[in-house]
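Residue numbers (full-length UniProt numbering), protein chains in the order written: chain A, 1 to 314; chain B, 1 to 314.
None of these hints come from the bench; they were simulated from the model. Yeah, the Cβ is synthetic: ideal placement off N, Cα and C, and Gly gets one too.
Okay, the calculated bits of chain A under chain B, using three or more residues with CB under 8 Å as the criterion:
hint, region
1, 44 to 56
2, 263 to 269
3, 272 to 286
4, 303 to 311
2 protein chains.
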Amino acid sequence: MNFPTLADIRAAHARIQSFIHRTPILTSTAINQIAGCEIYFKCENFQKVGAFKARGAANAVMKLSPEEREKGVATHSSGNHAAALARAASVAGIPSYIVMPSNAPEIKKKAVKGYGGEIIECEPNLKARETTLEAVVERTGATFIPPYDYMDVIEGQATCALELLEDQPDLDIVMAPVGGGGLLGGTALTAHYLNPEIEVIAGEPAGADDAYRSFHAGHIIPQTGPNTIADGLLTSVGKLNFELIQAYVDDILLATDPQIIEAMRLVYERMKIVIEPSCAVPLAALLANKERFAGKKVGIILSGGNVDLGKLPF
Amino acid sequence: MNFPTLADIRAAHARIQSFIHRTPILTSTAINQIAGCEIYFKCENFQKVGAFKARGAANAVMKLSPEEREKGVATHSSGNHAAALARAASVAGIPSYIVMPSNAPEIKKKAVKGYGGEIIECEPNLKARETTLEAVVERTGATFIPPYDYMDVIEGQATCALELLEDQPDLDIVMAPVGGGGLLGGTALTAHYLNPEIEVIAGEPAGADDAYRSFHAGHIIPQTGPNTIADGLLTSVGKLNFELIQAYVDDILLATDPQIIEAMRLVYERMKIVIEPSCAVPLAALLANKERFAGKKVGIILSGGNVDLGKLPF
Numbered sequence: 001m002n003f004p005t006l007a008d009i010r011a012a013h014a015r016i017q018s019f020i021h022r023t024p025i026l027t028s029t030a031i032n033q034i035a036g037c038e039i040y041f042k043c044e045n046f047q048k049v050g051a052f053k054a055r056g057a058a059n060a061v062m063k064l065s066p067e068e069r070e071k072g073v074a075t076h077s078s079g080n081h082a083a084a085l086a087r088a089a090s091v092a093g094i095p096s097y098i099v100m101p102s103n104a105p106e107i108k109k110k111a112v113k114g115y116g117g118e119i120i121e122c123e124p125n126l127k128a129r130e131t132t133l134e135a136v137v138e139r140t141g142a143t144f145i146p147p148y149d150y151m152d153v154i155e156g157q158a159t160c161a162l163e164l165l166e167d168q169p170d171l172d173i174v175m176a177p178v179g180g181g182g183l184l185g186g187t188a189l190t191a192h193y194l195n196p197e198i199e200v201i202a203g204e205p206a207g208a209d210d211a212y213r214s215f216h217a218g219h220i221i222p223q224t225g226p227n228t229i230a231d232g233l234l235t236s237v238g239k240l241n242f243e244l245i246q247a248y249v250d251d252i253l254l255a256t257d258p259q260i261i262e263a264m265r266l267v268y269e270r271m272k273i274v275i276e277p278s279c280a281v282p283l284a285a286l287l288a289n290k291e292r293f294a295g296k297k298v299g300i301i302l303s304g305g306n307v308d309l310g311k312l313p314f
Numbered sequence: 001m002n003f004p005t006l007a008d009i010r011a012a013h014a015r016i017q018s019f020i021h022r023t024p025i026l027t028s029t030a031i032n033q034i035a036g037c038e039i040y041f042k043c044e045n046f047q048k049v050g051a052f053k054a055r056g057a058a059n060a061v062m063k064l065s066p067e068e069r070e071k072g073v074a075t076h077s078s079g080n081h082a083a084a085l086a087r088a089a090s091v092a093g094i095p096s097y098i099v100m101p102s103n104a105p106e107i108k109k110k111a112v113k114g115y116g117g118e119i120i121e122c123e124p125n126l127k128a129r130e131t132t133l134e135a136v137v138e139r140t141g142a143t144f145i146p147p148y149d150y151m152d153v154i155e156g157q158a159t160c161a162l163e164l165l166e167d168q169p170d171l172d173i174v175m176a177p178v179g180g181g182g183l184l185g186g187t188a189l190t191a192h193y194l195n196p197e198i199e200v201i202a203g204e205p206a207g208a209d210d211a212y213r214s215f216h217a218g219h220i221i222p223q224t225g226p227n228t229i230a231d232g233l234l235t236s237v238g239k240l241n242f243e244l245i246q247a248y249v250d251d252i253l254l255a256t257d258p259q260i261i262e263a264m265r266l267v268y269e270r271m272k273i274v275i276e277p278s279c280a281v282p283l284a285a286l287l288a289n290k291e292r293f294a295g296k297k298v299g300i301i302l303s304g305g306n307v308d309l310g311k312l313p314f
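Chain A with its partners taken away, still in its complex shape (with noise of 0.2 Å):
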């Protein structure tokens, strides 16, 4: 496969700068204590939508030419990816049309209208939401965005990395935390294009740990039955991904679930900003190994910051 250049990362970044956030990298003395080491943590909680989500989708997006645009997107999706294709086409003044399981939070559907989307219902299972939204497509003429699996949402993730490493170039480590591994895989190749040196190491449920049984196998082995608090990794990495991380990714690292609530909970009463359960794995996985990272920096990219309130585990 091509992927994207380093010139079409920059691209792609100067492409969304407008609609997305250019977000801060914050420090905290007190988990670098427990760490023992230097974390940087690029706040994409802090994004547009809650999430890096609104990179990929932007990008996405913003490359259709002018025939797709007039037909505008599609997808299927009941978390980020859904509210951030929604809101980069409200932005692109095309429409919407988002395929949700019918159990779908009201919260997620909510974001999505706000953000003037047209959401299609369908029964809440994969099948279901492929017909569906295939039909859509038939019907609309949209252009189909896919979560993960799509270069041009890789090349909109891969922007996340690109400002942390121009904030923090002298890292030695960045981390990012693998589901469907759009971002991980846009990580990756940013790093290894601005210094090969950087170690990247993702962290993954151990609930959910198809990619670092994919990765030790050497082929795509897919996720089923996953069963963990971080909801937005269930998903198997998809084609591409898997590619970037066999290339770029030097290791997945693994976090139980009581690992994750445990950081989860220090990210709040440290750093008093509020993230999403999948968003705490990579600094879950670090603190499970901390020999690995002594003394180092590390980049970690807080992934998204939309949790019910309601159901924090503590």
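With chain A held as given, fit chain B onto it using these hints.
Frame of chain A; chain B shown alone:
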């Protein structure tokens, strides 16, 4: 009384600068839309010890004479001032003696101990706190640093509005919560010096409305039986603080507990930051009086982020 001059407040800022964070100012498009005005949040929840109290405590400790330093500092507090004073003393390398009620939360005691403060427990009532403190001062010769009714503490808290108005000079209104009045008094003083046109408006819980009643009566009416979720604002307004309020505060607006909780939730959901209930009071008061703020540029000091995560009200 001779209140600190602008030069005094600037000197205080220089004095404590290396011991505190210059906290960021955040904005939220979503909250601005809901509020109908432009709000600039000064994030003292990101301050050292998680609250603006770090400023006043540091200023008071750094102003001690060499003789006073040797004998250390003392206070009675179960809240943020306890941790702030213990930390300031620790930074200055001097002892601190903190009188705390025996039923103070374990987490508050841990914070004080973490900064090397010596905790002296007493019965959980004001009388016991005062007599225990007297005995400690008698025994150690430490200087008593009260939480708010004390010039050097007010001068320190005044540095927060100094930063806010340096970064955002064109505000129409500045808001702070009022409990004892340390933050509000300092804020009003700074705003008065930098631009007497700026309105200073306090937010106070309806369930602990002594400042509101005192403000309208023209004399201090002590708080009895406070009942509010805003546990940092239960105390009566101080004497020096009330003088400043009478001189430089334009109005005090009340917020009910449901309004406080709603404002708190809004900050968590839309800004992705952790604040304590007391901290949400000015925003709650603003939202309860929108017409008064319509179209204005409003600075709100978010006072702190020390909240028991297991007891969030949503």
